[in-house]
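A.B. asks: What follows is the residue order along each chain.
Number of protein chains: 4
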Amino acid sequence: MCRWFAYIGAPRIIEDLVYEGDHSLSAQAMHSTKAKLGVQGDGGGLGWYSKSSEPGLYRNPGPAWSDPNLRELSRHLESHVFFAHVRASTGAPNIFVNCHPFRNGEWLFMHNGQIGDFPILRRDLEKQLSDECYQALQGHTDSELLFHLMITNGMKKDPKAALRKTVKQVEEARLKKGIQDAFRATFALTNGKSLWALRWSSDDMAPSLFKQGDPSSMLVVSEPLDEDISKWQEIAPNSLLTFDRKDCGTVEEELEIFL
Amino acid sequence: MCRWFAYIGAPRIIEDLVYEGDHSLSAQAMHSTKAKLGVQGDGGGLGWYSKSSEPGLYRNPGPAWSDPNLRELSRHLESHVFFAHVRASTGAPNIFVNCHPFRNGEWLFMHNGQIGDFPILRRDLEKQLSDECYQALQGHTDSELLFHLMITNGMKKDPKAALRKTVKQVEEARLKKGIQDAFRATFALTNGKSLWALRWSSDDMAPSLFKQGDPSSMLVVSEPLDEDISKWQEIAPNSLLTFDRKDCGTVEEELEIFL
Amino acid sequence: MCRWFAYIGAPRIIEDLVYEGDHSLSAQAMHSTKAKLGVQGDGGGLGWYSKSSEPGLYRNPGPAWSDPNLRELSRHLESHVFFAHVRASTGAPNIFVNCHPFRNGEWLFMHNGQIGDFPILRRDLEKQLSDECYQALQGHTDSELLFHLMITNGMKKDPKAALRKTVKQVEEARLKKGIQDAFRATFALTNGKSLWALRWSSDDMAPSLFKQGDPSSMLVVSEPLDEDISKWQEIAPNSLLTFDRKDCGTVEEELEIFL
Amino acid sequence: MCRWFAYIGAPRIIEDLVYEGDHSLSAQAMHSTKAKLGVQGDGGGLGWYSKSSEPGLYRNPGPAWSDPNLRELSRHLESHVFFAHVRASTGAPNIFVNCHPFRNGEWLFMHNGQIGDFPILRRDLEKQLSDECYQALQGHTDSELLFHLMITNGMKKDPKAALRKTVKQVEEARLKKGIQDAFRATFALTNGKSLWALRWSSDDMAPSLFKQGDPSSMLVVSEPLDEDISKWQEIAPNSLLTFDRKDCGTVEEELEIFL
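Taken in sequence, the protein lines are chains A, B, C and D. Position in the first sequence (from 1) plus 6 gives the number in this note's numbering. Position in the second sequence (from 1) plus 6 gives the number in this note's numbering. Position in the third sequence (from 1) plus 6 gives the number in this note's numbering. Position in the fourth sequence (from 1) plus 6 gives the number in this note's numbering.
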């Protein structure tokens, strides 16, 4: 179980979201309120958009709370779309290629959750990757595989359809192998202009997901970044949120049932 | 606040003490029961004695729970004296030179606790180091400095006297600068034949210290390594324990009031 | 192109082989004489046998010359079979799972060389892995894959046959895809009792391989570990060497044409 | 001996200077033409100015050529003043606090070279630091100490005077201890508006220093970043260069004899 936040809106610096207060992402890395393990000390990462169409990526396998470079970047980078992630490994080793976000072309993806009994399912799911996506894998996490299944499934043309197809693919693989352990996940996906956030579980225990914001800026988070719970709105399980940042800078939002 | 254990006795492998159960040192690194911060994710280390008079040292600034090399070494090294340590930084950066144990010649030292307002006191204390010890410093922690003050104070000839002189030196420096924050510490010190363990605080909140064992093997620990509390004996504050491993292999123990 | 040495014989400490002189393995890491890139700064590793049937493993993605733990271990570990390796990446990222040696049960493997156009061949080759071996992969190097192909091909029962089958498998995959770039390699393989060393290339440019020793101890190396070239015997290309350490401690040696 | 470049001028992306061609900074890290050791694999770093008055800092103790984050940052950061550095340790351990650039408030400093017999001189030189600078030290390199001596010597008010005073301080300390080994250095110093570059040696073997540019942008480098030597102008030993970036964006340059 990991913790993440995704930001879309007016260009901003994200240092306070990562480092200020008892519920910042870095504080959650050490003491999360809602995550099962409580400690997310297995890596941290940032993705951001600058002038280039391809986003920038920073990933480090050490704990976010003691990473001087993560602190520097969160203070000095300014962007209209930010992804930030702290990782609690569910088995895969502590190496930067297993850290989030993942990038492909102009796209970023990050993830919290787990595919139950993933080692049993991995080979079947990797068979369904395009050759290009199979070659692009750098690690062996379910997160990186989910992203590449989505790419194989046409994400760059129709992200919502690709999300649905990918989740179904995983559910079918679980069914085929008779896996009991659930597939639980929150996803954040962006191309720098739109942002999609999914809360999903194959059972009734979907990982938490919240949002806060207005038409000028929107945050989606694994758990609230401060104590003022009333300011955060919980996303219902089985929901897909879409945020579009219009040329005027306004963020439009759409909520739909996922499956 | 860090967690550590020290072993002296019949040669053994230490893997179980580091990795087995909910209270092993690695488990304490993620969820300590008695340490203030709860998470000791800022490095791990081992010291051990083989045929060479100089002990071996392994230190890594990453969390113990995800360090594959620490796991390998705790499984494959066999020794009659082991030090193992997981670190929670009290400010100094996450680099291997700040990780415990510290070594000088045939001596090993490790530490839990903190000198209150250490940054204010550091220069005064470093002035009291011999030139040789000043040159030998690799980092800037209070732990490494305490060890080098002890060496300067004649530790290799009379370790108990050096321990007392060093603690007094720190207390005098605190007094001189009017520092209110306490000096709280547990120390483990060894030359591969004898082992000294100190529980000290300048106030009445000394960090916890326990022991368990018999004449063939003895463990001293920051906190119990399993749930069976009855098997662990708490060391009183302001106590200095000495363990001598005789040529026959028997470990003799002596307890004295420290100051 | 990497550099490695393998030792079998009377139990010994390997520090001098890794650190002494201008041609030690650590010196080769910075300035190799025979390797194409010249610098092998992409990781270092050790494998060794202690009392346990499973060998110990130490791997670190940083340069060998600045790794304090590698130095400690090479000074303090004593073993009758040692593998030591410094890595120059041919593309795969600098993470410990891509470092040599690789281990499976009681077996160790390390490798120098490259499968030409490996990214194009990887998927076809991975298809030929058993499910168990597919699951066991931690990285994406040709080296780790070669080891798992050998395991799939029955290495634990008949290592020589598995070596031959695996090299043929790679050559067939190259042929099938019309790959021009050669498959060049030296392999070291051991189960702690016997050691196999292979020098192979699909063209006439096999990576260098040398040996030195006598019935009490044998070294196989990528390139000589000192300047006294006359003491090192070059292994002919397309040769497979087998070293058996008998119960009396004597190392018996056999040389055969590989394919 | 390290390699570095400093840029001042029109805002730019620095990726090509770090990664393109056989003489880029990353290529120099693996195969420097002019540096004694030839390999600068002991860390890499960037400093840059964004909107904040305090510059951003990225430092990593691994080799620049295999650091994915250094690559990302050099591609995505845009700035009018950049410092980039690759490190070859002259003895101090491979940890991020020993990597360049060093920062204090709005100032950045980086360095190539060595104070001969530095371990013997270190204590005397550290005695001359202000309490604030003594406390601020994070590592034990001559480079970090030189920067803090400069700060103690009034660098923030009069950088040229502080440079001179600091170099004299080191020369006096050498004289006092009878050190024969030379003090050889190139310095780069900036506050984000002006940039100072010094080439100095106490003997006639000053480390190389070159420049290239025009009033819109200026590069100062340890050695040329491409093969076209004619485009690079060597800086004479014992020279201090000052570059001022005026509000209009023009870079004015002044050369003077240093001592």
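I should point out that these hints are in silico values taken from the structure, not numbers from a laboratory. One or more of the hints may lead you astray.
[To be verified] Under the rule of at most 30 Å between Cα atoms (straight-line distance), these lysine-lysine pairs were calculated in the DSSO-like manner:
hint, chain 1, residue 1, chain 2, residue 2
1, C, K57, A, K182
2, A, K183, C, K57
3, C, K57, A, K133
4, B, K133, D, K183
5, C, K57, B, K199
A.B. asks: For every hint, state whether the structure bears it out.
C.D. replies: Checked hints:
1. Under the criterion of a C-alpha separation no larger than 30 Å, the hint pairing K57/C with K182/A is inconsistent with the structure, at around 43 Å.
2. The suggested pairing of K183/A with K57/C is violated, with an alpha-carbon distance near 40 Å, which exceeds 30 Å.
3. At roughly 41 Å between alpha-carbon atoms, K57/C and K133/A are farther apart than 30 Å, so this suggested pair is violated.
4. With a C-alpha separation of about 19 Å, the suggested pair K133/B and K183/D falls inside the 30 Å cut-off, and the hint holds.
5. Between K57/C and K199/B the CA atoms are separated by roughly 24 Å; this keeps the pair inside 30 Å, and the hint holds.
Going down the numbered hints, you'll see the structure goes against 1, 2, 3, while the others check out.
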